[in-house]
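Combine both chains into one complex, guided by the hints.
Order-wise, the sequence lines are chains A and B. Taken in order, the first sequence gives residues 1 to 303; the numbers are from this note's numbering. Taken in order, the second sequence gives residues 304 to 657; the numbers are from this note's numbering.
Keep in mind that the hints are not guaranteed to be accurate.
Unchecked claim - Here are the in silico distance ranges between beta carbons for each label pair:
{"no.": "1", "chain 1": "A", "residue 1": "Y297", "chain 2": "B", "residue 2": "T544", "range": "49 to 59 Å"}
{"no.": "2", "chain 1": "B", "residue 1": "M458", "chain 2": "A", "residue 2": "N67", "range": "30 to 40 Å"}
{"no.": "3", "chain 1": "A", "residue 1": "R245", "chain 2": "B", "residue 2": "A389", "range": "55 to 65 Å"}
{"no.": "4", "chain 1": "B", "residue 1": "L596", "chain 2": "A", "residue 2": "N136", "range": "17 to 27 Å"}
{"no.": "5", "chain 1": "A", "residue 1": "V103", "chain 2": "B", "residue 2": "L363", "range": "31 to 41 Å"}
{"no.": "6", "chain 1": "A", "residue 1": "D285", "chain 2": "B", "residue 2": "M586", "range": "56 to 66 Å"}
{"no.": "7", "chain 1": "A", "residue 1": "G171", "chain 2": "B", "residue 2": "V329", "range": "37 to 47 Å"}
Claimed, not checked - Straight-line distance between alpha carbons at most 27 Å, and here's what the computed BS3-like set of lysine-lysine pairs gives:
{"no.": "8", "chain 1": "B", "residue 1": "K576", "chain 2": "A", "residue 2": "K237"}
{"no.": "9", "chain 1": "A", "residue 1": "K157", "chain 2": "B", "residue 2": "K360"}
{"no.": "10", "chain 1": "B", "residue 1": "K523", "chain 2": "A", "residue 2": "K176"}
{"no.": "11", "chain 1": "A", "residue 1": "K212", "chain 2": "B", "residue 2": "K360"}
{"no.": "12", "chain 1": "B", "residue 1": "K479", "chain 2": "A", "residue 2": "K257"}
{"no.": "13", "chain 1": "A", "residue 1": "K177", "chain 2": "B", "residue 2": "K523"}
{"no.": "14", "chain 1": "A", "residue 1": "K237", "chain 2": "B", "residue 2": "K523"}
{"no.": "15", "chain 1": "A", "residue 1": "K212", "chain 2": "B", "residue 2": "K349"}
{"no.": "16", "chain 1": "A", "residue 1": "K257", "chain 2": "A", "residue 2": "K114"}
{"no.": "17", "chain 1": "A", "residue 1": "K64", "chain 2": "A", "residue 2": "K177"}
{"no.": "18", "chain 1": "A", "residue 1": "K212", "chain 2": "B", "residue 2": "K479"}
{"no.": "19", "chain 1": "A", "residue 1": "K257", "chain 2": "B", "residue 2": "K523"}
{"no.": "20", "chain 1": "A", "residue 1": "K257", "chain 2": "B", "residue 2": "K360"}
{"no.": "21", "chain 1": "A", "residue 1": "K77", "chain 2": "B", "residue 2": "K349"}
{"no.": "22", "chain 1": "A", "residue 1": "K135", "chain 2": "A", "residue 2": "K110"}
{"no.": "23", "chain 1": "B", "residue 1": "K349", "chain 2": "A", "residue 2": "K257"}
Derived by calculation from the structure, the hints in this document are not laboratory data. Beta carbons: idealized from backbone N, C-alpha and C, even for Gly.
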Amino acid sequence: MAVAFKLLASARPLRECQRHKVLHSLLGPLVTNHISKMYSSYRRPGISPDDTPVWKKIDFSTEKAVNGVKKHFKLLKSEIAEHVTSYDGQPLHVHLWEETRVVWKFHSQKDLDKWIASSDIEIGGKSEAYLKLGKNNQSALFYGTLNTEVPRDGETKYSGYCGFKAKPRLGVFNRKKYYDWTNFNSLHLRVRGDGRPWMINIFTDPYFSHQKDDMYHYFMFTRGGPYWEEITIPFSKFFLCSQGRVQDRQFPLWLDKIHTIGFTLGDQAHGPFQLEIDFIGLLMDSAHTEEFAYEQYERNTKF
Amino acid sequence: MPLSQPIILTTLTATTLVFLLSTHLVLMWAALELSTLAILPLIANKSHPRAIEASTKYFLMQAMASTLIIFSGALNYEMTGSYQIAELTDLTSMIVLTLALFIKVGLVPFHFWVPEVLQGMPTAPAIFLLTWQKLGPLVMLFLISHLISLKLIFMVAVLSSLIAGWMGLNQTQVRKLMAFSSIAQMAWIIVIIKYAPSLTILTFYIYSTTVSATLLTLDKMSTTSTKHLITSFSKSPTAATLLTLSLLSLSGLPPLAGFLPKWLTVNQLVSEKATWIALLMLMASLLSLFFYLRLWYNSSSTLPPNTTNTTRLWRKLTPQSNLTINLLVLAATTLLLSATLMKAITKQETPKAK
Numbered sequence: 001m002a003v004a005f006k007l008l009a010s011a012r013p014l015r016e017c018q019r020h021k022v023l024h025s026l027l028g029p030l031v032t033n034h035i036s037k038m039y040s041s042y043r044r045p046g047i048s049p050d051d052t053p054v055w056k057k058i059d060f061s062t063e064k065a066v067n068g069v070k071k072h073f074k075l076l077k078s079e080i081a082e083h084v085t086s087y088d089g090q091p092l093h094v095h096l097w098e099e100t101r102v103v104w105k106f107h108s109q110k111d112l113d114k115w116i117a118s119s120d121i122e123i124g125g126k127s128e129a130y131l132k133l134g135k136n137n138q139s140a141l142f143y144g145t146l147n148t149e150v151p152r153d154g155e156t157k158y159s160g161y162c163g164f165k166a167k168p169r170l171g172v173f174n175r176k177k178y179y180d181w182t183n184f185n186s187l188h189l190r191v192r193g194d195g196r197p198w199m200i201n202i203f204t205d206p207y208f209s210h211q212k213d214d215m216y217h218y219f220m221f222t223r224g225g226p227y228w229e230e231i232t233i234p235f236s237k238f239f240l241c242s243q244g245r246v247q248d249r250q251f252p253l254w255l256d257k258i259h260t261i262g263f264t265l266g267d268q269a270h271g272p273f274q275l276e277i278d279f280i281g282l283l284m285d286s287a288h289t290e291e292f293a294y295e296q297y298e299r300n301t302k303f
Numbered sequence: 304m305p306l307s308q309p310i311i312l313t314t315l316t317a318t319t320l321v322f323l324l325s326t327h328l329v330l331m332w333a334a335l336e337l338s339t340l341a342i343l344p345l346i347a348n349k350s351h352p353r354a355i356e357a358s359t360k361y362f363l364m365q366a367m368a369s370t371l372i373i374f375s376g377a378l379n380y381e382m383t384g385s386y387q388i389a390e391l392t393d394l395t396s397m398i399v400l401t402l403a404l405f406i407k408v409g410l411v412p413f414h415f416w417v418p419e420v421l422q423g424m425p426t427a428p429a430i431f432l433l434t435w436q437k438l439g440p441l442v443m444l445f446l447i448s449h450l451i452s453l454k455l456i457f458m459v460a461v462l463s464s465l466i467a468g469w470m471g472l473n474q475t476q477v478r479k480l481m482a483f484s485s486i487a488q489m490a491w492i493i494v495i496i497k498y499a500p501s502l503t504i505l506t507f508y509i510y511s512t513t514v515s516a517t518l519l520t521l522d523k524m525s526t527t528s529t530k531h532l533i534t535s536f537s538k539s540p541t542a543a544t545l546l547t548l549s550l551l552s553l554s555g556l557p558p559l560a561g562f563l564p565k566w567l568t569v570n571q572l573v574s575e576k577a578t579w580i581a582l583l584m585l586m587a588s589l590l591s592l593f594f595y596l597r598l599w600y601n602s603s604s605t606l607p608p609n610t611t612n613t614t615r616l617w618r619k620l621t622p623q624s625n626l627t628i629n630l631l632v633l634a635a636t637t638l639l640l641s642a643t644l645m646k647a648i649t650k651q652e653t654p655k656a657k
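Just chain B, same shape as in the assembly (with noise of 0.2 Å):
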């Protein structure tokens, strides 16, 4: 793709900004319809017939997310006279926001396109549909997290944390578990947008930088199946060995950045008085890290009893990008600087004493 890659990835940085930038539901909602539009030809780039099934699915349920932004808008307008997004009062509007995000975001039970999707396009065009791509809803979910049930957000994260991990057992394909685990992913990032946004936010720059670690090193793989990751050791000890390291952070192990999150939510939802919650969140969460730790047997722990007939020789390592080897840094690492980070939630959280 030629010039119309750098058009592409300017269009979807620019309106994700435009988005992030304005309160008005229109214009909001202008924004993310170019930003769905901006994407499809990533999604669609190798002209496959599964990738074009991939950003049909994706703009079908995007489109008809984006309607119910739209429709939720004007239905608040009716009632209350404004499009702004902090004069959200209308309970019907608001009902109808919170579903349509979470059709965007990828929830329980509006998850089912989301591996469909990951499953047709390529591995790197991905990254930007799991990361990028929700953070204008997330956002959006987060600027009206005040109106939103407690008990719908309780039940989504809960449901959406089981039923990802229970899909995700025993995928062949790396791609759908990637998707499965982001909808895991998602669970807890809106688990505790009620409490502690800015826990949420944490939550999301980590998985996004996790995630977008895992992805690239896959991409540099060129692995599709889990059984092709099977001679990744072979092929590349590096690459495995900085693989596993993301997914162990993925998978919310410490002393890798993924636990932070994982540990700051359980914490809050503890002293929320939701134990049950975080009890129930842990627990399937344990889903997800049989099949983390599935893909870490296959990749690192295992070698083949075959050679493997490529031109790669043994022991070479892969040249990486900086891109990925930064990313990986981040997703290892950033559990170092906790301390830090806990100090300034829990300064923005807890109100001043007077």
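This is chain A alone, in the form it adopts within the complex (with noise of 0.2 Å):
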């Protein structure tokens, strides 16, 4: 195909009639390196293109992928021993009756390496964000100072942005891996905050592309001050947003296939922030019946 492609672009008559530039513009992601993907990807403006082909990128290393393929088929024998004796990781008696279980907790730097932070830096913005172990070990400390100022590139109009999420689980073969939450209607959560309005983020890794950015948000409003508060919100209360805009029609969190949580901050409020973390657990509320708090009406009508 790049023969043909450099003997049609030398042929003399192509040249002169410019043809050639149309052919590499229809030829063009066959003929070269450039790996055109199919969705949308943020790039920081001013930044060049990343045209490194694929192949420069991977580390081929021997001793590596043996490591990996006795680490992965390990992971397969305990996946296999895990799904046959018990119900996502509990025995039988506990999945019946537990009504709630400790999702994450941050004992150790072992826990707070499952959470990943970021903020707007990643668009130039000059928000600082950091994450770690409280007093003695026994929380996260989520800290930083949210900064406003919208950066300078002709491109981004808003700015100020801080957050952490919980890094996606792998399975065997580093295959997604989901958490179950059915047993549960609610998200129980003990932190210490800063008076913020903060946002809690559901995201349900979604099958097709277009739905990538789908999530569910809730608000978290906590108090400043020393004195620690448990929160709980029923998931029937989280709406769903796609790039933070509400959608029209609302559906349900379904607790089936959850890929990651999150935590944001966003209040377009200029100065530092903390939120410290007890726990994170899930809680079975008999007492809320709410399967869903948006949109329950009718919306056709019916002939």
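Printed below as a string of structure tokens:
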């Protein structure tokens, strides 16, 4: 194909009538190393696109490959054993009777490594965000400074956000592993905030690429002050957004395939922030019978 | 869904009937495609993203299988000059058609779509997916069964039974569990297709009745997770008991109807000197029995430690539809007719002595 293109491009009549440029636009992806992505991806203004071929980015190391194979087959063995002997890693009686479960606690660096912090530095902003273990290794402390100054790149209009989210779980052979929270109906957290409104984001990893930005959100209003507070948010309250925009058609959050959870601060208040989390857990509140808080009326008339 | 529902149901019925009445491959393919299209609104009824995902996955798999069916027809036409299913003699087209039908029905190794599709759709339309939609492909398999390799049938049946049993263990979602149960039941349906096609029909009939009864009961109880089943006996002991009967019938325990096809199938396999296959199928069905019993244990054998804060009163009989009751009675008691059925089947299978 490359040879054909070169022949065509070098032909005199084609050069004269600029047809090869048209051909290049048609055949370009086939004859160059350009990787055209089927989905949009953010590129910071002012930064040139990454044209490195994919094969150059891979680290070809035999030792790494052998270790990887050993690790994954060991994981496969334990995953099969876990699948056969337990419900999502728990015995039957625990699965049947559990009404509370602590999913994330922060007692060691290993617990903290399951989370990742980010801020608007990625888009050229100036906010700072750090995640570390709290006092006596009993909690996680997310702190930093929110800076609402918009980066001067001619494209970005808004700035000023910080957040941290749980890294997605990976199963054997780096397959995605989801959480099954169908036994519960509420999210329960013990936090010590700074009075700012935080947003909790739950990502369910939808199937289609056009839904990749779909996420469920709800707000967490914290008190400032030295006292811990326990916040319970029913999953029925979470609303569907895409790229941060609340969708007209709302659907309840299905709990059988949860990918990650995250916390975001974007209240446009310039200044320092701090959120301390003791644990993040789940609760089955029998008194809460609401299935979904939004859009429960009939939208279409019956005929 | 107002007027659309009768249209969809009529289309489903009519297309399957057209399929059953035709012998021309192109017409059969067209009927299968229309049937696939007709069930998509039932799957995506709630418009939830997961329901749309389920309907898209179902459409893609079925469309791929239908493409292979028409491809096999075209290949056969190229070789033999005929589109009639009875004149399907070309080996390549027969292999392609067999694989396409395995995809349609959801047998191993083409079974991955079944739990994903069932998990995304409501429980009631799942009945159509697991019973009515499998009727056409099974009939086609029945028509070409004399051409299919016996080793292939045995391998697919045993693998389906084993893999569905293992994957169904410790599932927390009831619809996924029913999907794996369906894959395992399909294995029993096709394992005997070459030796006794009438047994295939009987197995399919009893499977359809029992699965419909189970899914209708689960739909009435609004249960989607095994955890939710533990309060079912407090809310409605009748529904929980009837669910138990239908689950035990699915697992093939006597004296319920589900025992009959398994017993006759094993009988036939042993008489055809396929003892090892019969043994493997029986051992694999123990895995399915485990998760049926787990469902029974959750629904009828346990009481929750806490009271339920629902509006239903204790011991109040949940109003059941006549259809559910009729199907459950059939599922539970058809075994009483086994003597008559056996006589009819053996009379059909054994050649007349002269």
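Now for the hints, and whether the structure bears them out:
1. A:Y297 with B:T544: 49 to 59 Å: Hint violated: Cβ distance 37 Å, outside 49 to 59 Å.
2. B:M458 with A:N67: 30 to 40 Å: 35 Å, holds
3. A:R245 with B:A389: 55 to 65 Å: The hint (55 to 65 Å, Cβ to Cβ) holds, given that A:R245 and B:A389 are roughly 58 Å apart.
4. B:L596 with A:N136: 17 to 27 Å: Violated, at about 48 Å.
5. A:V103 with B:L363: 31 to 41 Å: 34 Å, holds
6. A:D285 with B:M586: 56 to 66 Å: The hint (56 to 66 Å, Cβ to Cβ) is violated, given that A:D285 and B:M586 are roughly 43 Å apart.
7. A:G171 with B:V329: 37 to 47 Å: 44 Å, holds
8. B:K576 with A:K237: 61 Å, violated
9. A:K157 with B:K360: Roughly 39 Å between the alpha carbons, so the hint for A:K157 and B:K360 is violated.
10. B:K523 with A:K176: This hinted pair is violated, its Cα atoms lying about 33 Å apart.
11. A:K212 with B:K360: 17 Å, holds
12. B:K479 with A:K257: At roughly 13 Å apart (the allowed maximum being 27 Å), A:K257 and B:K479 satisfy the hint.
13. A:K177 with B:K523: 31 Å, violated
14. A:K237 with B:K523: At roughly 26 Å apart (the allowed maximum being 27 Å), B:K523 and A:K237 satisfy the hint.
15. A:K212 with B:K349: With a Cα-Cα distance of about 20 Å, the restraint between A:K212 and B:K349 holds, given a limit of 27 Å.
16. A:K257 with A:K114: Holds, at about 18 Å.
17. A:K64 with A:K177: 23 Å, holds
18. A:K212 with B:K479: Answer holds: A:K212 to B:K479 is near 24 Å, not above 27 Å.
19. A:K257 with B:K523: Roughly 24 Å between the alpha carbons, so the hint for A:K257 and B:K523 holds.
20. A:K257 with B:K360: Holds - the C-alpha atoms of B:K360 and A:K257 are around 17 Å apart, at most 27 Å.
21. A:K77 with B:K349: 39 Å, violated
22. A:K135 with A:K110: 16 Å, holds
23. B:K349 with A:K257: Measuring from Cα to Cα gives roughly 18 Å; hence the hint holds.
In this structure, the hints that do not hold are numbers 1, 4, 6, 8, 9, 10, 13, 21, in rising order.
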